[in-house]
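**Q** Going down the list, the sequences are from chains L and G. One point on numbering: in the working numbering, the residue at position 302 of the first sequence is 302, and numbering is uninterrupted. One point on numbering: in the working numbering, the residue at position 66 of the second sequence is 66, and numbering is uninterrupted.
Please keep in mind that the hints were generated in silico from the structure rather than gathered at the bench. Quick caveat, the model's predicted, so the values are computed rather than measured. Don't be surprised by glycine CBs; every beta carbon is placed ideally from N, CA and C. Watch out, some of these pointers could steer you wrong.
Some but not every residue of chain L turned toward chain G, in silico, with C-beta under 7 angstroms [stated by the list, open to error]:
#: 1; residue: 43
#: 2; residue: 46
#: 3; residue: 47
#: 4; residue: 55
#: 5; residue: 65
#: 6; residue: 66
#: 7; residue: 69
#: 8; residue: 99
#: 9; residue: 101
#: 10; residue: 198
#: 11; residue: 202
#: 12; residue: 203
#: 13; residue: 219
#: 14; residue: 220
#: 15; residue: 221
#: 16; residue: 294
Here are the simulated DSS-like pairs of lysine-lysine, each with C-alpha atoms no more than 27 angstroms apart in a straight line [said to hold, decoys possible]:
#: 17; chain 1: G; residue 1: 249; chain 2: L; residue 2: 318
#: 18; chain 1: L; residue 1: 45; chain 2: L; residue 2: 318
#: 19; chain 1: L; residue 1: 268; chain 2: L; residue 2: 220
#: 20; chain 1: L; residue 1: 45; chain 2: L; residue 2: 133
#: 21; chain 1: L; residue 1: 146; chain 2: L; residue 2: 310
#: 22; chain 1: G; residue 1: 249; chain 2: G; residue 2: 462
#: 23; chain 1: G; residue 1: 462; chain 2: G; residue 2: 397
#: 24; chain 1: L; residue 1: 312; chain 2: G; residue 2: 249
#: 25; chain 1: L; residue 1: 68; chain 2: L; residue 2: 268
#: 26; chain 1: L; residue 1: 312; chain 2: L; residue 2: 146
#: 27; chain 1: L; residue 1: 146; chain 2: L; residue 2: 318
#: 28; chain 1: L; residue 1: 285; chain 2: L; residue 2: 109
#: 29; chain 1: L; residue 1: 310; chain 2: G; residue 2: 397
#: 30; chain 1: L; residue 1: 133; chain 2: G; residue 2: 462
#: 31; chain 1: L; residue 1: 255; chain 2: L; residue 2: 222
#: 32; chain 1: G; residue 1: 397; chain 2: L; residue 2: 68
#: 33; chain 1: G; residue 1: 284; chain 2: L; residue 2: 222
#: 34; chain 1: L; residue 1: 142; chain 2: L; residue 2: 222
#: 35; chain 1: L; residue 1: 318; chain 2: L; residue 2: 222
#: 36; chain 1: L; residue 1: 318; chain 2: L; residue 2: 109
#: 37; chain 1: L; residue 1: 222; chain 2: L; residue 2: 109
#: 38; chain 1: L; residue 1: 312; chain 2: L; residue 2: 45
#: 39; chain 1: G; residue 1: 336; chain 2: L; residue 2: 285
#: 40; chain 1: G; residue 1: 336; chain 2: L; residue 2: 220
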Amino acid sequence: MNKLVTFLAGSLLTATTAIAADTLTVYSAGPAPLSGALATAFEEKTGTKVELFQSSAGKIMARYQAEKSNPHVDVIISASWGDALALSEDSDLLPYQSPNAANVPAALKTPTFVAQGAAALAIAYNPNSGLPKPAHWADLAKVEYKGEVTMPDPTKSGSALTLVQGLVAQNSDSAWQLFDDLAANELLVPGANSAALNPVLQGAKGVVFGAVDYIVLGAKNKGEAIEVVYPSEGTVLAPRPIMILKSSKQQDSAKAFVDFVLSEEGQKMVAEQFILPARTDIQAKRPGWDELTLIEFDMAAAANDSASTKEKFSQITK
Amino acid sequence: MAFSLLGGTGATVASTRWLRPLLFWLTTALLLLLVGLPVLAIVAYALFPHINEWSFAQPFSAIIPSLSDLDLLSAIGNSLVLSFSVTLLSVVIALPLAIQRQHLAESNGRLWDALMLVPFLIPPYIGAMSWMQLLQRRGFIEQLFGFNLNDLLYSFPGLVIVMSLHLFPMIYVAASQSLRIIGQRYGDVARVFGGQPWPIFFRIQLPLVSVSLLASGLMVFVLTFEEFGTPEILGSRFGFEVIVTSIHKKFTDWPIDLPGASVLSLILIGIAFAAFKTHGWLTKRFTTDIDTPLLTATKIEVPRYRSIIANGWFCLVAIPAVILPVVTIAISASQKTLTGGLAWSNLGLQHFIAITAVNSEPWQALTTSLLLAFGAALGSVGIALLVAFTLVRMQPKGLALLDFLSLLPNALPGMAVAVGLILTWNQSFWPMTPYNSSAILLLAYMTLTLPYPIRTLTAALKQLPLSLDEAGYVFGASELRVLLRVLWPLIAPVALASGFIVFAISSRELVSSLMLAPPGVNTVATYVFHQFDQGSVNAGMAMSLVTILVSGSIIRLGQSLTRSNML
């Protein structure tokens, strides 16, 4: 009982003090261990307290929207480049170029935001499933994979949308033909990333079309029997943008935080989670910049068409 | 009129004029604070899409596009059909059990009662996940016995079965209690005069339990209507969208459409509210007058074969409702890897050990959830006691407003409450705000759980004849004294029981927690959600099992303590 009272009183107290104190508020879309480690290391280095809200990219944006009359967040780390583009278009973001972003490829930085790291979209397959090892995206439309393929829903997962946009940008006709064929091959589109990956880990399905690679590599590292294949015809990156809000009252600390995330130390922490570090000079713990064949396309232009792209995809896979 | 005794409120009450207005204003203020403000915020948002920036620009622009969405109509239809089906199946599962319960010896029956509460302790999304692991292609059943029920699981009947197996205890508890109290005595009388079992059931017992069946059935209906996790996990596999998943989509898919979501939330509120109004009308029509609802059941001798049949019946339900899900969760929590499947070499305790490390992230999530759940139970039941007493006994002016406010939270989805609370409390003009602290979670849980104690306590209070109060007044007792010395001891067990329900729901609440958890705070549900999201299903299952066991034992302990103290 006493503990409860102190707990509740304590939480009320933090409610009133949090507004006044010099703390940096960061909303981050996973992975939780990474955001936690970055926040702790930054606190130790600078003495600035970091308040971390950890959720999925969509819920972070929903919270940000609902809070608009009295914004709290200083820095957002999202899993969706599209979210950052949209905020930038609404001119909600503070223009800032970190000196540490020098080694970040030009495609992964804009005047208002920069990638903290990136995931690549890949095929994840369960070697226990007895299926042949796939090598190309189109392989999954073959008859041996009938009823065995899942894919994250582009309407629910920003990274899956990026993959559809990339493949369509590369060759519109063959990409939509591929999705038609996949649908005919009983492609299952069960929800966001975990909804597509978990059935494959459990063995109910055999292959994920467009899995976020660092999550799969993390699962493999924990002992799961799961393999990642990067199709040689190319894949897309899902960069994870970090941005400072214009409404931030802690702009200096926010800039320092972005600098820290892009520092050598911060980027090594990013690499620890099997994410591709944004800086090309930091060693990745997974296939790095030189090993990936990437489909180059204009993400800002693709973002303008995203509603119709999602609509078309849903029609095909319904 | 249902309970005629309630019709003429006391000309006797003259002693404490201040209590009635005080209680009325206090309860109204509390309900306005907890329920009224967030709902008002949602309404404002639906009307003025930019109210979150303190602007009244583009008024009403969100309503037409949201309502003209064709998918919305099918989602509403799906929600209604699903809720009806789940309610019906839950009654079909629960009613025979409640009847069989009368044929059990007391200690035996209590054991089954406790076991039948377990499904309610399993968070719905965890239950759905465990059914997937068990029944789907290459699931546990197939690994052991070589067949699967994949097609049934991912179908409308499968969804209905999974949700009913989770929700039927609500009906079982209500029906078995009212059968025990009223059904048996009247059945005895009929039996004395040569009544046969079936006519006794249809002519006497069924009409007498119909009130509690209606009340608890409605609760199941609304709970199904609001449920997010199971339809999202299972329904999305066969393209079945309900109104709550549509709302969730508007809240989380870019571009985030909060005003549109508010419009949908209002529809949800409207439908649930209509359900309660219909229920009120139905109970008024079909309630039977019972002179002395306080009759206690007498001990009757049950033939041995009847108790064997009854036990068999309970086993039949307990296997799919309790044993299979719990065993699946336990196995899953003990698996080292998901891909390793069912093999002795793949079993270990590593995921449990990770939780028990004091001050680790999962440990903190567990203690936070338990403390919050305890706080929510205290707060929710406390407010519900005030509301119930004011509604049933005081009958103040402005009753309709109070009645309306007490019904509202029934109709609120977790997501809507979360946004309503953010819009309400994240304003710079408040001198002090619970927002961005754990207190906002406490507030959310209380708002979401208020209906349970309010429903059960008003029902319980209605069952207590007004003559009890009047007896007190005759001897000069004040209202406060009657409240504390006469009514409180009688409804305390009910208050406690509803407190446990609040505790169970709060300790696992997912949707609003995901939105409202202040920076740096994790609850059990958000922790499990993040584990699932990162492909660590086993670790999430271990956490769920620990929570089910801990909150289950707390509830059990509470029940046995009250039994020794009060009964």
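**Q** None of the hints should be skipped; say for each whether it holds.
**A** Consistency of the hints with the structure:
This hint is violated: residue 43(L) has a C-beta 11 angstroms from the nearest C-beta of chain G, more than the 7 angstroms allowed. With a cut of 7 angstroms, the hint placing residue 46(L) at the interface with chain G is violated, because the nearest CB-to-CB distance is about 17 angstroms. Interface hint at residue 47(L): violated, since its Cβ lies 17 angstroms from the closest Cβ of chain G, which is beyond the 7 angstroms cut-off. Among the interface hints, the one on residue 55(L) holds; its C-beta lies about 6 angstroms from the nearest C-beta in chain G, closer than the 7 angstroms criterion.
Satisfaction of the interface hint for residue 65(L) is found here, the shortest Cβ-Cβ separation to chain G being roughly 5 angstroms, below the 7 angstroms cut-off. A distance limit of 7 angstroms between C-beta atoms decides the matter here; for residue 66(L) the minimum to chain G is near 4 angstroms, and the interface restraint holds. Below 7 angstroms, beta-carbon pairs count as interface contacts, and residue 69(L) has one with chain G at about 5 angstroms; its hint therefore holds. With a least beta-carbon distance of about 27 angstroms to chain G, the hint placing residue 99(L) at the interface is violated under the 7 angstroms criterion.
Contact between residue 101(L) and chain G, as hinted, is not supported at the beta carbon level, the nearest pair being about 25 angstroms apart and thus beyond 7 angstroms. The criterion of a C-beta within 7 angstroms of any C-beta in chain G is met by residue 198(L), whose closest approach is roughly 6 angstroms, and the hint holds. The beta carbon of residue 202(L) comes within 5 angstroms of a beta carbon in chain G, closer than 7 angstroms, and the hint placing it at the interface holds. Against a cut-off of 7 angstroms between C-beta atoms, the interface hint on residue 203(L) holds, since the closest Cβ of chain G lies about 4 angstroms away.
About 4 angstroms separates the beta-carbon of residue 219(L) from the nearest beta-carbon of chain G, less than 7 angstroms, and the hint is met. Checking residue 220(L) against chain G: minimum C-beta separation of about 9 angstroms lies over 7 angstroms; hint violated. The interface hint given for residue 221(L) is violated, since its Cβ lies 11 angstroms from the closest Cβ of chain G, which is over the 7 angstroms cut-off. A distance limit of 7 angstroms between C-beta atoms decides the matter here; for residue 294(L) the minimum to chain G is near 23 angstroms, and the interface restraint is violated.
A threshold of 27 angstroms between alpha carbons decides the hint, and for residue 249(G) with residue 318(L) the separation of about 17 angstroms falls inside it, so the pair holds. Using a Cα cut-off of 27 angstroms, the hinted pair residue 45(L) and residue 318(L) is violated, with the two alpha carbons roughly 51 angstroms apart. About 20 angstroms separates the Cα atoms of residue 268(L) and residue 220(L), which keeps this hinted pair within 27 angstroms; it holds. Between residue 45(L) and residue 133(L) the alpha-carbon distance is near 46 angstroms, which puts this suggested pair outside the 27 angstroms criterion.
Proposed proximity of residue 146(L) and residue 310(L) is supported: the alpha carbons are some 23 angstroms apart, at most 27 angstroms. At most 27 angstroms may separate the alpha-carbon atoms for a hinted pair to count; residue 249(G) and residue 462(G) exceed this at roughly 41 angstroms. At roughly 19 angstroms between alpha-carbon atoms, residue 462(G) and residue 397(G) fall within 27 angstroms of each other, so this suggested pair holds. About 18 angstroms separates the Cα atoms of residue 312(L) and residue 249(G), which keeps this hinted pair within 27 angstroms; it holds.
Using a Cα cut-off of 27 angstroms, the hinted pair residue 68(L) and residue 268(L) is violated, with the two alpha carbons roughly 34 angstroms apart. Note on residue 312(L) and residue 146(L): the hinted pairing holds, with a Cα-Cα distance of about 22 angstroms set against a maximum of 27 angstroms. The hinted pair formed by residue 146(L) and residue 318(L) meets the criterion: a straight-line CA distance of about 17 angstroms does not exceed 27 angstroms. A threshold of 27 angstroms between alpha carbons decides the hint, and for residue 285(L) with residue 109(L) the separation of about 22 angstroms falls inside it, so the pair holds.
Distance check on the hinted pair: residue 310(L) and residue 397(G) sit about 54 angstroms apart at the alpha-carbon level, beyond 27 angstroms; violated. About 68 angstroms separates the Cα atoms of residue 133(L) and residue 462(G), which puts this hinted pair outside 27 angstroms; it is violated. Proposed proximity of residue 255(L) and residue 222(L) is contradicted: the alpha carbons are some 35 angstroms apart, above 27 angstroms. About 39 angstroms separates the Cα atoms of residue 397(G) and residue 68(L), which puts this hinted pair outside 27 angstroms; it is violated.
The straight-line distance between the Cα atoms of residue 284(G) and residue 222(L) is roughly 60 angstroms, outside the 27 angstroms bound, and the hint therefore fails. For the given pair, residue 142(L) sits about 31 angstroms from residue 222(L) by alpha-carbon distance, which is inconsistent with the 27 angstroms threshold. For the proposed pair residue 318(L) and residue 222(L), the alpha carbon gap of about 34 angstroms is over 27 angstroms, so the pair is violated. At most 27 angstroms may separate the alpha-carbon atoms for a hinted pair to count; residue 318(L) and residue 109(L) exceed this at roughly 36 angstroms.
Between the alpha carbons of residue 222(L) and residue 109(L) the distance comes to roughly 32 angstroms, so the proposed pair goes past 27 angstroms and is violated. As the CA atoms of residue 312(L) and residue 45(L) are separated by approximately 48 angstroms, the hinted pair breaks the 27 angstroms bound. A hinted pair counts as satisfied when its Cα atoms are at most 27 angstroms apart, and residue 336(G) with residue 285(L) qualifies at roughly 23 angstroms. Pair hint residue 336(G) plus residue 220(L) holds up; C-alpha atoms about 12 angstroms apart against a cutoff of 27 angstroms.
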